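Enquirer: Residue numbers (my numbering), protein chains in the order written: chain A, 15 to 249; chain B, 15 to 249.
Source of the hints: derived by calculation from the structure; they are not laboratory data.
For clarity, every value in this text was computed on a predicted model and none was experimentally measured.
Heads up, the beta-carbon is just placed ideally off N, CA and C, and yes, glycines get one too.
Mixed in with the good hints there might be a few duds.
Here are some chain A residues the structure puts well away from chain B; computed CB gaps all over 10 Å [claimed, not checked]:
#, residue
1, F19
2, K86
3, N166
Calculated lysine to any residue pairs in the SDA-like style (CA-CA distance at most 25 Å, straight line) [said to hold, decoys possible]:
#, chain 1, residue 1, chain 2, residue 2
4, B, K38, B, M15
5, B, K135, A, E205
6, B, K95, A, L17
There are 2 protein chains.
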Amino acid sequence: MKLFFGQIFPEIIIDSDEQQHITKVLRMREGEEIFLTDGKGNLAKGTLVFEGKKVSLNVSEIKENLPDFSPKLHIAIAPTKNIDRIEFFLEKAVEMGISEVSFILTEQTERKNISIEKLRKQAIGASKQSLRSHFPKINDLQKFSEFIKNLNPENTFVAHCNENLERISLNALQESQLDKIEAYTFLIGPEGDFSDKEIQLLAEKGVKAVSLGNQRLRTETAGIFVASWNYDKMF
Amino acid sequence: MKLFFGQIFPEIIIDSDEQQHITKVLRMREGEEIFLTDGKGNLAKGTLVFEGKKVSLNVSEIKENLPDFSPKLHIAIAPTKNIDRIEFFLEKAVEMGISEVSFILTEQTERKNISIEKLRKQAIGASKQSLRSHFPKINDLQKFSEFIKNLNPENTFVAHCNENLERISLNALQESQLDKIEAYTFLIGPEGDFSDKEIQLLAEKGVKAVSLGNQRLRTETAGIFVASWNYDKMF
């Protein structure tokens, strides 16, 4: 099953980059069957039709409003110094069904800029690879102080490494009422962790702190672990 | 806390590569405090002593036989075409406490060779980074047919993508008696999955098949997900 990105409503159009990919990279032939999604839960099935450089779809089936993942997971993560690490986090989290990703600039974030367009393309690539018909939302880089303005403390958690502060384990979360939540937000800090001030600001807002076990996990590993934990709840 | 690799018994010796790393890369100074582990559960604490090019430890404390992770996890995985992916799997799985990794050549494995020494070094690096005092065992590349000779079907599981065959979900595993197992082995197939013949051979040996959810996960993502799932059981 090959899945491509495009528009389903009001009319079916294969994305122009995808048209090029189909002909020049994959060298597919007219009549081959593909699936097309708009990343919003709509899916079309059909066979390829070539007209000059244009590739269109001879549609055999359309599925509307396919169910989305549950519970939804939003991770807000500080970009890593080595961008490969955050890209790998993104790919794995998307494969495991994450709904939304925010990149946050904290006091100790070492990297101050990211190519959000490149990351969005990678998220689309990983969505297609894992056959998702709902693509995740990838938000622009923003300051920690901006991000925390609109959070809901009921379903927001911060993973930090300060052993001297009270933290609940993910397992305790699983066994508590919090396990019934339909949408989670997790904040994951940078290599140097959140600052004491940031942790305090979150505590004042009522955000609960969680511990991700006894190992010291890298930033991207912490993100991948939370995505895995959520993915496990989906099935 | 900086952790380095070396020998603890019968005498304390900082590994020669680590000595170079301490002086030339990290440019540490005499008197700085470090931790040293042999990766077998023994840990020494002390301060650095320089004598010419030699770096030794002025020991202040030794901890013997530190507890190892439980449950133990052994993943047997087919190398990916792109070696970066298997390296990333290894790093993440080691950070999340995996005990043993085997690389297996299956019918549809695209990559037939790996640099096991490089992978072992990466496993040591990730162990140190995550402050492990027990390093994982990294086995030589071996044929699928060799690997399955000595497996114990009671605690061995295969993750494959064939939806037409009976598979139990990881969650069902968690709720069953199998959750009491102290040591798991999971087989993870290559990009093209295990062959029907391989799946049948495993079934004949009594190895249970598991499903890793509804998403199509890449090989390394499947491995990371199983490592996350096991890590979550540790705390």
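Enquirer: Determine which of the earlier numbered hints do not hold for this structure and return their numbers in increasing order.
Expert: none
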